[in-house]
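Line by line, the protein sequences are chains A and B.
Numbering (the numbering used here) for the first sequence: 1 to 118.
Numbering (the numbering used here) for the second sequence: 1 to 113.
Worth flagging that the hints you see were computed from the coordinates, not collected in a lab.
Treat the hints loosely; a few may be bogus.
Stated by the list, open to error - Listed next, the in silico EDC-like pairs over lysine to aspartate or glutamate satisfying Cα-Cα at most 16 Å (straight line): (1) B/K108 x B/E29; (2) B/K105 x A/E30; (3) B/K112 x B/D26; (4) B/K112 x B/E17; (5) B/K105 x B/E10; (6) B/K108 x A/E59; (7) B/K70 x B/E52; (8) B/K105 x A/D73; (9) B/K70 x B/E15.
Given next are the chains, with one letter for each unit.
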Amino acid sequence: NAGVTQTPKFQVLKTGQSMTLQCAQDMNHEYMSWYRQDPGMGLRLIHYSVGAGITDQGEVPNGYNVSRSTTEDFPLRLLSAAPSQTSVYFCASSRRTPFPGFGGDTQYFGPGTRLTVL
Amino acid sequence: AQTVTQSQPEMSVQEAETVTLSCTYDTSENNYYLFWYKQPPSRQMILVIRQEAYKQQNATENRFSVNFQKAAKSFSLKISDSQLGDTAMYFCAFRGSQGNLIFGKGTKLSVKP
Chain A
1 NAGVTQTPKF QVLKTGQSMT LQCAQDMNHE YMSWYRQDPG MGLRLIHYSV GAGITDQGEV
61 PNGYNVSRST TEDFPLRLLS AAPSQTSVYF CASSRRTPFP GFGGDTQYFG PGTRLTVL
Chain B
1 AQTVTQSQPE MSVQEAETVT LSCTYDTSEN NYYLFWYKQP PSRQMILVIR QEAYKQQNAT
61 ENRFSVNFQK AAKSFSLKIS DSQLGDTAMY FCAFRGSQGN LIFGKGTKLS VKP
């Protein structure tokens, strides 16, 4: 069980470039999400998905796209990178809805991707 | 909208002593979950402890325990017998019916030898 994996671990982009951050989980979790972490801001939700084919926006979705074609994968796309998107990005997964007593409500996090946009 | 507030940006404690990190939250829901995550310098988010709001008993995991006051919407984390490896950022988080995690801004804990 690899849990939640993210690639790459580090990335440097120039303003205007596009790229995709990869996220995969092998726990058959329906719920997946992307967060960004900035100093002094905690983690903020970018996009999330409650199952294959279903995605929705979080608190800070602008400049990012997602899709969910399979249960396992949830890539995050930066369409035209901007310096304001310099951050650490985390992917997380869990069961779809909290089930009392089953622990399914716990979100498991990937190791993060540090992105710098110059 | 739900909010989570951690009022202590930084704290320090001597090794082997006890420290309490504060967290308050705001919600209109009755059933929800609360979490404390630890983020060491490695950056990995590690679940420390979780509390289900419908359970009155405070959660405990070894040296970590919570003081959950539902009416006051307070969820503090107590670390007993602090160890150097406890040095990290600690995030309080709320998860309600929508399923999304809402984080506080974190408390940086330093354990001093």
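May I ask which of the numbered hints given earlier this structure violates, with the numbers listed in increasing order?
-> 1, 2, 3, 6, 8 and 9
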